[in-house]
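Taken in sequence, the protein lines are chains A and B. Converting from the first sequence to this note's numbering requires adding 1094 to each position, the first position being numbered 1. Converting from the second sequence to this note's numbering requires adding 51 to each position, the first position being numbered 1.
The set of hints was computed from the structure by calculation and includes no laboratory data. Keep in mind that the hints are not guaranteed to be accurate.
Stated by the list, open to error - In silico negatives: residues of chain A with every beta carbon more than 12 Å from chain B: (1) Glu1294; (2) Met1483; (3) Asn1501; (4) Leu1502; (5) Gln1520.
Said to hold, decoys possible - Result set (EDC-like, lysine to aspartate or glutamate): computed pairs, CA atoms no more than 16 Å apart in a straight line: (6) A:Lys1527 / B:Asp217; (7) B:Lys89 / A:Glu1172; (8) A:Lys1362 / A:Asp1180; (9) B:Lys463 / B:Glu486.
Using N, Cα and C, we set each Cβ at its ideal position, and we do this for glycine too.
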Amino acid sequence: MKDRLRDALKSSRADYTEVRVERTWSSAVAFRGRRLEAATASEDVGGFVRALHKGCGWGVASFTSLDRLPAMVTRAGELSRAVRLDEPIRLAEVAPREADAVLDLDGDVRGVPLAEKKRLLEAYNGAMLAVGDRVVDTQASYQDEVSEVWYANSEGTLIYQLRPEVVLSGTAIARRDGVIEKGLESLGYRKGWNAAQGREAGFRTVAERAVALLDAPRVRGGTYPVVLDPELGGVFIHEAFGHLSEADFVYENPQAREMMTLGRRFGKPVLNVGDNGAAAGLRGTLPFDDEGTPTQDTVLIKDGTLVGRLHSRETAARLGEAPTGNARAISFRHAPIVRMTNTYIAAGRDGGTFTDLIKDIPLGVYACGAFGGQTLLENFSFTAAYGYMIRDGRVAELVKDVVLAGNLFQTLDRIERVAADFQWNQMGGGCGKGGQFPLPVTEGAPHVRIEEALVGGDVPA
Amino acid sequence: MIADLLDVVRRRVSGGGSDALWRREERTAIAFESGRLKSAGTTEEAGVNLRVVQGGRVGVAGTTAADAATGDLLDRALASAALGESLDLTFPPPSPLPPIATYFASAANASLDSLIDVGEELVARLRRDGCQLNVAVEREVSETEIANTAGAAGRYQATGVAVGVDITRIAGDDVLMVYDQYVGADLPGAADLDALVRSVATRLDLALTVVEPPEGALPVIFSPAGLSAILLPLEQALSGKAVLQGVSPLGEKLGSRVFDERFSLTDDPLAAGRAGSRPCDDEAVPSRTLPLVEKGVVRAFVYDLETGARAGTASTGHGRRGVFGKPRIAYSNFVVGMDGKRKTDDGIPGGGLAAGIHDGLIVEDLIGVGQGNVIAGGFSHPVALAYRVERGAITGRVKDAAVAGNVYELLKQIGGFGNDGRWLGTRFAPSLLLEGVSVARR
């Protein structure tokens, strides 16, 4: 394969050309209720070419028939020439390298019979159903894959990567008359079969919680001190801040650049945020990004001040900053764009425990887990999976429909305490941007306390 | 291609039957970033999805690998079937397919330069100081073959064109985004581009003034784009799968009046020139127009072959399949009726409904639609783009407001239907005026 890539690059007449070829074996098992939905094994193969002529724009081509590789190199070159640009595209320097980056397969999923995978998921699905009659429906899924990725560019970089992945998810639906509640379990690892073992307890817990939520009151809408658990804290920093730190948001937009000027204060000195594509063993971890740039730990907010952003080679050159290894594509069907990897709020340096964080809150909300989150630039909305009221410094009753909404800048600035109990949330799912979903990412945070945030959308009576 | 595959299946598998889908797609896309053409791309993709029934069990397998042996694909499908649940799956017999134009030669043959011309025209007409303007133009040509061992077969070519425009305006920490699109089976005509320009320009101009949001239980107009939060619960609840699982609030309501008697919903795979139109679904079931809600009464749920078999009812022709995995239920074109209103759209948000409102909102876009417990009908979302209406006129954009309510309650009595019915992708809807929506400030 490496020779095929070299030959294809040699045939290109463009000033810069890159080629990516992927072969992915995957299998998937899904249950709905007690019934198996499907157990399947798939193979996905294809390639991607991107070419750049001087004074022109990008020409890109993707294809599933590898025989078409030489023709698609030619086509990408032609497409590039069709795009005339006054201001040329430049790429930041990255030293060419040849490397084989073979990640630990941790129990190669390709060697495990589909029947074993079905048995494993049946047990996890069964753990949710066993919680009781109130659990009226479940969805459970197991997905794994092993991909081989070859990347080469005309500057001499040639990289082979072998990447495993395994993802488990479970949804328990509890119902009593007209009231329907759900619990969600989601686990994802850049590992193999071994990482998928021994996960019953998590599935059981979410089903128990769905049942408990049937009796829980809705949180009363209003403004409260809010403590985010590490899962929601991670989702929050990814959605509400991370996307703004992607340099393709600012590099063509002077007003956006002004809003995201390095040195701007974004929060109190307790706030430290970064993105680390080189962290060991996480889903967003990759030795090299999809432009062949090594990944790294990029500090974004240091002691409350904006100090960095995430780059591709193009955005880095444009802003005169260093590439950070954040150009990623979900598959050969897409061009790499600036994406997060493993995004985190760092542990508070003298942050203390969760108990310390809540002990002086007379009335507040402890928001836990995430059903989802969306940001529209400066505004965000997050739906916590569940929550508790905090009363007189202690965790009190379970509440539901905890939706946090607010303005990013105000809310980041209101993060007043950050605990020391940092953890990575090894979840499934992924991030969506520019039509590319789901991209494997990880988020991490400790417990985080926000002085004041709007909870719920109810109009006070 | 498919016929050969099914021949191999017939030789190796006795009894149960099989079906397969082969699809090849070619896409050409250009992108303007910040008003300048930045990239041009092409995509060629082909794959096959095979389903077999053996010993009363169903299995599926798919591949994009052009070098994959037919035997290997069948082996994987049989391995999948060996684990599968028992199901009495009957494949549809041969039957004539309705005539529906899905392929437009003008779109298929459009040159790269003519696609660039479309983008350049939009850039020229929508460029504004202080705004970042992105335009994307995409053209797809596809070929689909579906066949089963009962003899049904479908084969068609289709074209699709999508033109998207988004404008971002940042002033200090205020971020305004206005987006609209044209999606159709053929190239946009002059009138389509005019409508797109008018829609984006009008909504941008109206948004430049920021006003205080109102508060309370108020009349809210959901524009065709803003209706997503209102329609998503219904799309989920009308799926035969949700009904079968016992999680649909509409599951027991077939034949009952649940909504305002002027409210109707139709799934229409035979709408001329639309992106979701096709002569048959991906399981070779012939297309037909299906009323889902008529005069407020629930008339039908949508099924694919498998869900239909489990529910003891026929497929309604709503099976959709990709290369990987098994078919699932999907709507074709989802149409909200206009209650007899004639379309006289002037591009002003609200479809003529604002005139009767003393104090309220027009919602164009919400944040977080699809999060949470959607099917139950409750929603609570901050606004992404919304306008305040005071004494019958739009006074400006509101920020930092949230709307909440329950879809099933709000649709019992609809305050009015707009005259601005339009397509957005595969959905057609007018603006709807809903009364008593909770509006909160923050």
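Query raised in the report: Does the structure keep Lys463 of chain B and Glu486 of chain B at a Cα separation of 16 Å or less?
Result: Within the cut-off at roughly 10 Å; holds.
Query raised in the report: Any Cβ of chain B at or closer than 12 Å to Glu1294 of chain A, or is the non-interface label fine?
Result: The assertion about Glu1294 of chain A holds, with a minimum of 21 Å to chain B.
Query raised in the report: If you draw a straight line from the CA of Lys1362 of chain A to the CA of Asp1180 of chain A, is it 16 Å or shorter?
Result: Roughly 42 Å separates the two Cα atoms, so the pair is violated.
Query raised in the report: If you draw a straight line from the CA of Lys1527 of chain A to the CA of Asp217 of chain B, is it 16 Å or shorter?
Result: 15 Å, holds
Query - Cβ separation check - Gln1520 of chain A to all of chain B, threshold 12 Å - result: With a cut-off of 12 Å, Gln1520 of chain A remains clear of chain B, as the shortest Cβ separation is near 21 Å.
Requested in this report: Could you let me know if the closest chain B CB is still more than 12 Å away from the CB of Leu1502 of chain A?
Outcome: Label violated. Min Cβ-Cβ 9 Å, cutoff 12 Å.
Report task. Report holds if the minimum CB distance from Met1483 of chain A to chain B is greater than 12 Å, and violated otherwise. Result -> At about 18 Å from chain B, Met1483 of chain A clears the 12 Å cut-off, so the statement holds.
Query raised in the report: In terms of Cβ atoms, is chain B entirely out of 12 Å range of Asn1501 of chain A?
Result: 7 Å, violated
Report task. Compare the distance between the alpha carbons of Lys89 of chain B and Glu1172 of chain A with 16 Å, and conclude whether the hinted pair is satisfied. Result -> Between Lys89 of chain B and Glu1172 of chain A the Cα gap is close to 14 Å, so the pair holds against 16 Å.
The structure is inconsistent with the numbered hints 3, 4 and 8, although it conforms to all the rest.
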